[in-house]
Every structure is written in C-alpha cells, then in structure tokens.
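Visitor: Take a look at the letters that make up each chain.
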Amino acid sequence: MSVLKQLLARPLALFGFLIVSITAIFALFAPWLTPFAPEAQMFDGLTIEGAPLPPNAQFWLGTDLLGRDLFSRLVYGAQTSLIIGIVANGVAVSLGAFVGIVAGFFRGWIGTILMRFTDLMMAFPALLLAIVLAAIFKPSLWIVALVIAMVNWVQVARVIFAQTVSLSERDFIVAERSIGASSPRILFHHILPHMVPTLLVWSTLGIATTVLLEATLSYLGIGVQPPIPSWGNIIFENQTYFTSAPWLVFVPGGAIVLLALGFNLIGDALRDILDPTLKGKS
Amino acid sequence: MYAYLFRRVLQAALILLGVSFITFTLLYLVPADPARQIAGRSATAQTVENIRVQLGLNLPFYEQYWRYLTSLLQGDFGRSYLQKSEVGELIAARLPASLLLMVSAIFTELVFGVLIGVVAAIKRDSWLDKVLMVLSFIGVSAPQFVVGILLLYVFAVQLQWFPIGGYGTFAHLVLPSLTLGVLGAGWYSRMMRSSLIDVLTQDYIRTAKAKGMPSVRVIFRHALPNALLPIIAMIGIDIGFFMSGIVVVESVFGWPGIGQLAWQAIQRIDIPIIMGVTLVSACAIVLGNLVADLVAPFVDPRIKLK
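Line order of the protein sequences matches chains A and B. For the first sequence, the numbering used here gives the first residue as 1, with consecutive numbering after it. For the second sequence, the numbering used here gives the first residue as 283, with consecutive numbering after it.
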C-alpha cells in the first residue's frame, strides 16, 4: 500500500489532511472566496460608537477594530500562514539536513565545528533569538520566514547528524567504500535515500512548529506587519476588544490551532507509517 | 566522573562565551542608535556624540565586545539605556517571579502529563485513550498566547474566579501556570504513554503479573518508576521551551518576570537588558542540560557517563 493510502486510512490523519486541504484551498483561491478586499475599511463596518460589528449576514464573521471584514482577512491570513510555514520550514529542513549530513558523513574538524555550532544554537531560547533577529531586519513576509528558518534548522541538523553517523558505520556503506565508491556516490545513492522518511516527517511536523512561531511573533507585533493579514497579527490588533468582541481573538486563534493540529496529525501518522520500529509509540 | 564533570563544565562555559559573542554581534547590527534614544529628540548632535563616547559606542566592534565581556566576568551586566539602572539588579529583582512561574508550570505539566499518560497507557486503544491523545495533540498545537487569552476570557472575565492579571497571591499564579503547562502536558502525556506501554511489555512485568501481583501494584511499584525516567530526563532539556514561553505568558498576564522585562526592552531597543536576559536564559538552558546529563546515571544506572 502506498504511503498516501495508509495515511488516509487513519481517521486522525485524514482529519489533518482535510484541515490542511481546506486551508490550502482558502489560500489559493482567496480572491474568489472573499466578499471584500482584506484591507478595505468598510463604511458601514463599525457601530455608531466605533466598535467592531458582531457576525451578521453581510460580514459573516463580523468586522475588526478598523471596520474590515474578518472573514476576508482570515482567508487571506491562510496565505500568510501557509507561505511562511512552507518556505520557512523548507529552508530549515534543507539547511538542517545539509549540516547534519555533512557533519555526520565527513566528521573530522568540519563535523566538530558544525555540531559545536548547533550546540551553541540550542543554548538560545528560540523565541528570544527570533525576536532579536526580527528586530535587526525590518520584518517583511520573507524576512519572518527566514528568521524562523534560522531558529528551526538546529533540531533537524541534530537528528540527521545522529542518523548519518550510525548509517556510515553500517556494513553496506563500509563495503561500498572498500570497492572504491566515491563520497558523492555514497552520499547521494546510499545516505540520502535513507534520510527521506525522517525528512518527510520533519517537513510536516516542522510546519506546525513554524505556523505557531509565526503566529507568536506576529502576536507580539514583530512578525508579519499589518496591513498584510496574518492570524497572529489579527489577534495582536484586536486584543483590546477581547472582552466585548471575543470572536476577533478566538476565531483566528482557533484557525491557528486547527492548522497546527492538522500538520501535527499528518506528521505523527507519517512517522508511524514510515518508521516501523516506532510502531505504537508517540 | 570528575574528569567528565570538568569537561562538561568547560564545554558549558565555552557555549556561554559563544552565546555572548553571537548576541553581542546581533545587537551590534540592530539599526537603532542608543545614544540618540537616550539623548531624546531635542538633543544636539554634540550631546548625542558625547553620550556615544561615554558608552564606548564609538569604539570598534572587537573593543566594545572586549569591554562588555570583561565587565560581564566581574558580574557587571551593564546599565540599561533607558531605565537608568543596573541590568543585573533589574534581572535579579524580576528573577524570583519568573522562577516561581516556571516551578509551578513544571509542576502543572508533570501532574497533568503523567496522569493523562498513565490513564491512556493503562486503557490503551480504548475510546478514553483516543480522546486523551487527541486532547494532548490539541495541547501541543495551541499557541501559548491563544491558550492564555482563552483562559483569561473564561476564568477571569466570564466566571471571575481568578484575577485578570498581575502578581502577588496564589490566585494570580493559577492561570499563567496552566497556560505555560498546557504545552508541556501535551508532550509529556504522549511520552509518558509510550514509555509506560514500553515498560509494560517487558519480561519482568509479565513475571510480576504471573506470580499473581495485583495490577495496581504492578503498575505503581514496578512499571511507573522506570517509565518516569525519560520524563525526568526531559525536564532539564525543556528549560529552553520555558524560557521562550515566559516571554509570551508574562506579557499576556502582566506577570512581572524577566520575560516581560525582555519584551519591554525589545520594544525600546534597550540592548543591555536584551543581552542580559538572553545570557541568563542561556545559562539556565546550559545548566538544565548539564544537570539532566549528570542526574541521568543516578536515576538509571544503565546509563554510563561518557
């Protein structure tokens, strides 16, 4: 059975798959699915006192503090979350895999330097490091993605390093070397294919971490900057209204939880399927 | 043992040196002029220049770093640019609040994590197990600020069981600890479950069952202590997550700890404070890892110090 089939046969993974697919459809077709432009401040979008409107027939999820349609901002926010999730995690996994494989395969001084550097990075609290990086570079969508990647590659590097080291000592690699195979050949034909399951699992689980970190940075006001909508900065902008207009906080909050949950469910099931030694474990 | 300890402490010191270098370099690159900030908008160019010389900001990079490092080794974290007080004192004044929050959060996540994990493992593959594991998944998928605002809304605004924010009594501590503990409880319950399931399938457990020992005693006397090992090992390593978590949780609940201090400093680009908090956090993380490694062989004699 193919991996995808096994995945979709599990109810929880299927649920995760559904969440991610719906979010992706929202993100891809945002202009056609939204009744208003996400930045448009509606003339009739606030009450006479200037407070946000609750959900109604015209504004399905109500309006935010500037009289913008929350549903439209939420749908465009899906774009932000997915772009950052995929780009930032893609960079983090590639960088981590590169560092881990190089350090684990060649070892020696280059391996020592690389792994000591990852030790060093592990000593930083991830959020503080991301905050400092975000303060240096003026945060745009791509900068936020890079900042998150700079923080998240370390875990991948350590896992891949450990796997590469143990793989390099296995008999079939030693045999390959003894018949004169070149390093690139061993790397690309024997080491890298063995890393595919791990990298696949990290590519999904990592997106969940990334989505959460982006939301947190944007909530703190140093992630994606308004007027570009992100689920985190929608909460950041509207949190002063959370007692009188709680939907402005909890609808985007729920969206963040659902998307992260979706990727976590898929990643967890993938790990179960791809790594038979882990059957039944977390 | 002592050689190992010495090597690990030396390694930890080197890592902290590296942390100080990277943080200093990063903050050196921040495109903001602290001298201009201190002097205020109306200051003349001459005043700004004087402040710059006074703080040593006109010196080349390596000299500035050297000055920072030497005073750091004498226990001097420098002076805050804007609060006109010693960073060391600011951090020391706020550290107890953060430590209190962390200890109480660790307690929360252990209680919930172990409890949920044990129940799920014992009732393995039942509907209860499935519900608990889905809940733990939601726990690890929820950003802390959303959990915090939700708890605030339900328990402080609607039910009014707890104060909305602040510091001082036990009631103030409950919601922030819960918020900080939810994430860890999610991870620990999953780890606890798989670890207990692992132990329960081992031979010595089958022997205990075979000689007719009641299953409550098998689980609590024989299985649980061994299943707890990986969890205990994780606490030291998880200090990093807490250090990130307190920045968010303290700012949501107005908890006067070092996380809030760091957050306020970042908004005003008060570099000495940011450096100070980062270094203190890194110390805590390095120390946590060191303790986790050193304690492991005592908890589990199968692990040998290398």
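Mixed in with the good hints there might be a few duds.
Per the computed footprint, the stretches of chain A lying under chain B, defined by three or more beta-carbons under 8 Å from a beta-carbon of chain B, are [to be verified]:
| id | stretch |
| --- | --- |
| 1 | 30-39 |
| 2 | 53-64 |
| 3 | 118-125 |
| 4 | 133-145 |
| 5 | 246-252 |
| 6 | 261-273 |
Part of the chain A face toward chain B, derived, beta carbon under 10 Å [to be verified]:
| id | residue |
| --- | --- |
| 7 | LEU128 |
| 8 | LEU129 |
| 9 | ALA130 |
| 10 | ILE222 |
| 11 | ILE256 |
| 12 | VAL257 |
| 13 | LEU258 |
Calculated directly from the structure, the hints in this document are not laboratory data. Being a predicted model, the structure only gives us computed values, none of them experimental. We treat Cβ as the ideally placed atom computed from N, Cα and C, and that holds for glycine.
Visitor: Work down the list of hints and note, for each, if the structure agrees.
Guide: Tested hints:
Beta-carbon proximity to chain B at under 8 Å applies to 0 residues in the stretch 30-39 of chain A; the threshold of 3 is not reached and the given coverage is violated. For the stretch 53-64 of chain A, the stated coverage by chain B is violated: 0 residues have a C-beta nearer than 8 Å to a C-beta of that chain, whereas at least 3 were required. Counting residues of the stretch 118-125 of chain A whose beta carbon lies closer than 8 Å to any beta carbon of chain B gives 6, which meets the minimum of three for the stated coverage. Figure legend: the stretch 133-145 of chain A, annotated as covered by chain B; annotation consistent (3 residues with Cβ-Cβ distances under 8 Å, at least 3 required).
Under a criterion of three residues with beta carbons nearer than 8 Å to beta carbons of chain B, the stated coverage of the stretch 246-252 of chain A is upheld, 3 such residues being counted. Counting residues of the stretch 261-273 of chain A whose CB falls under 8 Å from any CB of chain B gives 4; the rule of at least 3 is met. A distance limit of 10 Å between C-beta atoms decides the matter here; for A:LEU128 the minimum to chain B is near 5 Å, and the interface restraint holds. For A:LEU129, the suggested interface contact is upheld, since its CB lies about 8 Å from the closest CB of chain B, less than 10 Å.
The beta carbon of A:ALA130 is positioned within 10 Å of a beta carbon in chain B (closest approach about 9 Å), and the interface hint is therefore held. This hint holds: A:ILE222 has a C-beta 8 Å from the nearest C-beta of chain B, less than the 10 Å allowed. With a least beta-carbon distance of about 6 Å to chain B, the hint placing A:ILE256 at the interface is held under the 10 Å criterion. Of the supplied interface hints, the one on A:VAL257 holds, with its beta-carbon coming within about 5 Å of a beta-carbon of chain B, less than 10 Å.
The interface hint given for A:LEU258 holds, since its Cβ lies 8 Å from the closest Cβ of chain B, which is under the 10 Å cut-off.
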